[in-house]
Amino acid sequence: MKLAYVYDAIYPWMKGGAEKRIYEISKRLAERGREVHWYGLKWWDGERDR
Numbered sequence: 000m001k002l003a004y005v006y007d008a009i010y011p012w013m014k015g016g017a018e019k020r021i022y023e024i025s026k027r028l029a030e031r032g033r034e035v036h037w038y039g040l041k042w043w044d045g046e047r048d049r
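Heads up, the sequence shown is in numbering that gives the first Met the number 0, so the first residue is 0 and it goes up one at a time.
It is possible that some hints are incorrect.
Pairwise CB distance ranges, derived in the manner of DEER restraints [as the list claims (entries may be wrong)]:
#1 40 to 16: 24 to 30 Å
#2 32 to 7: 23 to 29 Å
#3 0 to 22: 14 to 20 Å
#4 40 to 2: 23 to 29 Å
#5 40 to 20: 14 to 20 Å
#6 30 to 9: 24 to 30 Å
No more than 20 Å apart at the CA atoms, straight line, and that leaves these computed lysine to any residue pairs for SDA-like [unchecked claim]:
#7 14 to 40
#8 14 to 26
#9 26 to 15
#10 14 to 33
#11 1 to 37
#12 1 to 33
#13 19 to 30
#14 14 to 4
#15 1 to 22
#16 1 to 15
#17 26 to 0
#18 1 to 39
#19 19 to 9
#20 1 to 35
#21 19 to 37
Rather than coming from a laboratory, the hints here were simulated on the basis of the structure. All values derive from a computational prediction rather than experimental measurement. Beta carbons: idealized from backbone N, C-alpha and C, even for Gly.
Kindly produce the complete structure, drawing on both the sequences and the hints.
Here it is in structure tokens:
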């Protein structure tokens, strides 16, 4: 199964509930052999938010 997420903000650069949830679901699906791709906009500057 191939999955693609198109979202405006990508974890870990933006930390929020939805971003973290998409990340965790995608990570688990990839561990189970799914092909997962993320597409997002990068509209912020600076270092990663950790």
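Tested hints:
1. One distance hint, 24 to 30 Å for the beta-carbon pair residue 40 and residue 16, is violated here, with the actual separation near 18 Å.
2. Between residue 32 and residue 7 the beta carbon distance is about 28 Å. The supplied range of 23 to 29 Å therefore holds.
3. A hinted range of 14 to 20 Å holds for the C-beta pair residue 0 and residue 22, which are about 18 Å apart.
4. Checked against the hint of 23 to 29 Å, the pair residue 40 and residue 2 fails, with Cβ atoms roughly 19 Å apart.
5. Between residue 40 and residue 20 the C-beta distance comes to about 18 Å, which sits within the given range of 14 to 20 Å.
6. Between residue 30 and residue 9 the C-beta distance comes to about 19 Å, which lies outside the given range of 24 to 30 Å.
7. In summary, the hint linking residue 14 to residue 40 is supported, as the alpha carbons are separated by about 14 Å, within the 20 Å threshold.
8. For the proposed pair residue 14 and residue 26, the alpha carbon gap of about 16 Å is at most 20 Å, so the pair holds.
9. Taking the CA atoms of residue 26 and residue 15, the gap is about 16 Å. The hint holds against a cut of 20 Å.
10. This hinted pair does not check out: residue 14 and residue 33 have alpha carbons roughly 24 Å apart, beyond 20 Å.
11. A distance of roughly 11 Å separates the Cα atoms of residue 1 and residue 37; the hinted pair therefore holds under the 20 Å criterion.
12. With a C-alpha separation of about 6 Å, the suggested pair residue 1 and residue 33 falls inside the 20 Å cut-off, and the hint holds.
13. Proximity of residue 19 to residue 30 is assessed by CA-CA distance (about 17 Å); at most 20 Å being required, the pair is judged to hold.
14. Simply put, residue 14 and residue 4 have alpha-carbon atoms about 16 Å apart, close enough for the 20 Å limit, and the pair holds.
15. Note on residue 1 and residue 22: the hinted pairing holds, with a Cα-Cα distance of about 16 Å set against a maximum of 20 Å.
16. Note on residue 1 and residue 15: the hinted pairing is violated, with a Cα-Cα distance of about 25 Å set against a maximum of 20 Å.
17. The hinted pair formed by residue 26 and residue 0 meets the criterion: a straight-line CA distance of about 14 Å does not exceed 20 Å.
18. For a cut-off of 20 Å, the pair hint linking residue 1 to residue 39 stands: about 17 Å separates their Cα positions.
19. For the hint pairing residue 19 with residue 9, the CA-to-CA distance comes to about 8 Å; that is within 20 Å, so the pair holds.
20. As the CA atoms of residue 1 and residue 35 are separated by approximately 6 Å, the hinted pair is consistent with the 20 Å bound.
21. Distance hint between residue 19 and residue 37 is fulfilled; the C-alpha atoms sit about 13 Å from each other, no more than 20 Å.
In this structure, the hints that do not hold are numbers 1, 4, 6, 10, 16, in rising order.
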